[in-house]
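In case you want the letters, here they are:
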Amino acid sequence: MTQDAAPHTFVAESRELLRDMEDALLTLEQAPGDADAINAVFRAMHTIKGSAGVFGFDVIVEFTHVMEGVIEEVRAGRAGVDGMLVALLLACGDHVSLLIDCLESPDRLAKLEAARSSGTDLLLQLQCYRESACEGDAAPGLESGLPAAEASAAGAGSVASGAWHLSIRFGRAVLQHGMDPLSFIRYLSTLGEVDSVTASFDAMPEASTMDPQACYVGLEIQFSGTVSRQDLEGAFEYVRDDSTIRILPPHAPIAEYMDLIRSLPEDQAKLHQTFVECGALTPGELEQGLKMSDTQLSQACGTDNGTVSAGPHDSKGAAGIPAAQEPGKARNGADSSRYVRVHAGKLDELINLVGELVIASAGVNLCARDGGSDLREATASMSRLVEEVRDGALTLRMVPIGDTFNRFKRVVHDLGRELGKDVELVITGADTELDKSMVEKLSDPLMHLVRNALDHGIESTSARLLRGKPARGKLQLNAYHETGSIVIEVHDDGGGLDRERILARAVERGLAQPGQALSDREIFQLIMEPGFSTADELTSISGRGFGMDVVRRNIEALRGTVTIDSAAGEGTGIALRVPLTLAIIDGFLVGVGSATCVVPLEMVVECLEFSAEDRQGAREGGYINLRGELLPLLRLRDVFDTQGEPGKRENIVVVQYAGRRAGFVVDALLGEFQTVIKPLGKLFERLAGISGSTILGTGEVALILDVQALVERAERSESARTAVTGEHRTWSGSGSAPEKPSSNIERRATC
Amino acid sequence: MAITTRTGEGADTRITIEGPMTVYEAIEHKRELLEALAAGAGLEIDLANVDEMDTAGLQLLVLAQREGRNAGKPVRLVRASEAVAEVLNRYRLAPCFIDPAAPRA
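Those protein sequences? They're chains A and B, same order as listed. Under this note's numbering, the residue at position 529 of the first sequence is numbered 529, and the numbers go up by one with no gaps. Under this note's numbering, the residue at position 91 of the second sequence is numbered 842, and the numbers go up by one with no gaps.
The hints are simulated quantities; they were obtained by calculation from the structure and are not laboratory data. One should not assume that every hint holds.
As the list claims (entries may be wrong) - Here are some chain B residues pointing at chain A (derived, C-beta under 10 Å): (1) L811; (2) R817; (3) V838.
What the hints assert, rightly or not - Which bits of chain B does chain A cover? Going by a derived footprint, with three or more residues having C-beta under 8 Å, they are: (4) 777-785; (5) 796-810.
Beta carbons are placed, not taken as given, at the ideal position from N, Cα and C, and that holds for glycine.
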């Protein structure tokens, strides 16, 4: 049954648990007494172990079992947490992650076996921890301390049997859910000795109504082993909801057994025979039990603790597994029930459909314009609903960047240790959301930036102290939204970039002219040129000078930008600005000649008429005076080389990107439009100024403008003009000369 | 996959099942087993070539045996593969099937 069906859920959930465990371990390093963190680590291992056992992945079970034992020592207070243990457990977590990865290939069992050996070293280290924790323990060899407590409570009224008794009546749907009672029996035998199994099929109806895919199995099992109740309960975690499970500890009171027998559906006489034959009850004990009155039974079972004295794990007594989960047991936190796992492909399909819906409704709207007002009203409300569905569907794909940021905790931790630097990672804006598809593409560039910051940015502890800085360095990851983009900042409080040195190196390499006036930002941008490095030595981490170039290319491939700021001695901040590439955006239609273009609405600031006088002024310059502000203009007719003369009326759409503004001169303003982004084919991908296409209600194709590229172009042509003509602007009314727009290295080449 | 063979008029039917005997084949196997049981005076079940068995498969054996008992027809497991044997052993049900005179189930 389980051979072919890949345990996707198990893999996904195990990975989440491993991440939780890693977080908890990192917390423990700072706060060794944190009980929640210790429990989180235990829970993760325990759950993975239990589930792995159900599937029969013995390699995983064996490894996690040993880990669990060590963590148990910590939980019970017999061992303390120190840096070495945390490092060991982190390494063990990595090994488990490796084992989980094995599950994704078709020959998983073979791969697991092969991976077994790479864990032996870790197992040895774990064993050493176990042994040293157990040294001096009054009762050596007791893993959980429980059997001793159980045994000492044996006395009159308790059964002689030192075995656990498990009584299970599986739910009908167990097989359909992919479980099998056989797995449990097999798993139990890895935990200890299965002394006896009595199977009951009484629940199976007669042939005509028997459902061959339903599970009618009941089991009474006698089990011997040094386990805790939790170990046994954990084994049944996946069937707990459907099935009735009751666990009686060794030397449980006879009354408990009688209560159990009474609760079972089978014929009582037959059950009596079963319980004696399987060794749970001696004939004498059975007799005793049958003589007990009702009151005696309810009294004995009423107390929560049963026979067990304060053993650390048996807080629920022998009364069976409670319906409610332990408060600490909720995986994924309190919200676990509110999340649904959805296949990413399904989401993509849904969004495609919504896109088609938007286009179709645009067509309907068009037709409705000629219809009566009733029709227009109906289509208007439909449009509103379609917009909401659109927004809802798109947010499904958004994930908070916090998940990505959190992965860096481990990176900073390990790298800090490797470099011998004490660095604190501060994360802000973790809730900022971005499209799922972008997350993967950003993690590599971010990784590089973080490693750079740790390696080159933050100085060694001694250097920091000499400079009067706190010994602990700070690396900050921040994220926020800004007009249709997401900005991700990596900031370190290290030594900053050496402006002079970078300039000197750039001049050496011919990337800049000596004496050229470049702003600080422009100089810092130079470090992203391929092969550029001011590091005097290569480290294994960075320094080859190829990393920043790759970062920039990756970000530019996402149509984003990289900005670098730095202050000598204080630190460096790198901002990645990437558009939130949504599949459907609010757009603003404009007419350029006979063509229609779309400007992303988020970037539109305002629209105005291009008056005759302004046109006059703009003919000489390439700008207008917008309420005292210089606004570079870009004639889209020129950009697209539209034939013919512009009409009498022209309009300006003022757009904004990353704090910079420009005005697009267009012929007509055509209003808002829900724009479904259709990607351009490979042939047209590199077109500057176009970022996609869409289909209008009429079926026509409209091009989506790449505002960022066009804004830059507008600024460039404006400054090119000033450079060529040497003109200086004077303003009537405003005092200062226009600020030279920011340049970049490319511009030199084109001038 | 199941193959039914008849050993003779008025005699037992022998049903041979090969390949997996799991929840996936259970619906079909149930039908075949019951048909085979109805067809003869008794039923012999040959599982020597069953390479995989799960609880669903086992339940069908239990069902067949019970129906046989109700109809007064003997049901015997004549051959079992290792996979089948393992399942029977886990459930401690081997005595019920190998020796038809054993009580229970």
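Comparing the hints with the structure gives:
1. The interface hint given for L811(B) holds, since its Cβ lies 6 Å from the closest Cβ of chain A, which is under the 10 Å cut-off.
2. Because the smallest distance between the Cβ of R817(B) and any Cβ of chain A comes to about 8 Å, under 10 Å, the interface hint for this residue holds.
3. The beta carbon of V838(B) is positioned within 10 Å of a beta carbon in chain A (closest approach about 6 Å), and the interface hint is therefore held.
4. A count of 5 residues in the segment 777-785 of chain B with a Cβ less than 8 Å from any Cβ of chain A is obtained; the coverage claim is therefore met, three being the minimum.
5. For a cut-off of 8 Å, the count of residues in the segment 796-810 of chain B with a CB near a CB of chain A stands at 5, and the three-residue condition holds.
In this structure, none of the earlier numbered hints is contradicted; all agree with it.
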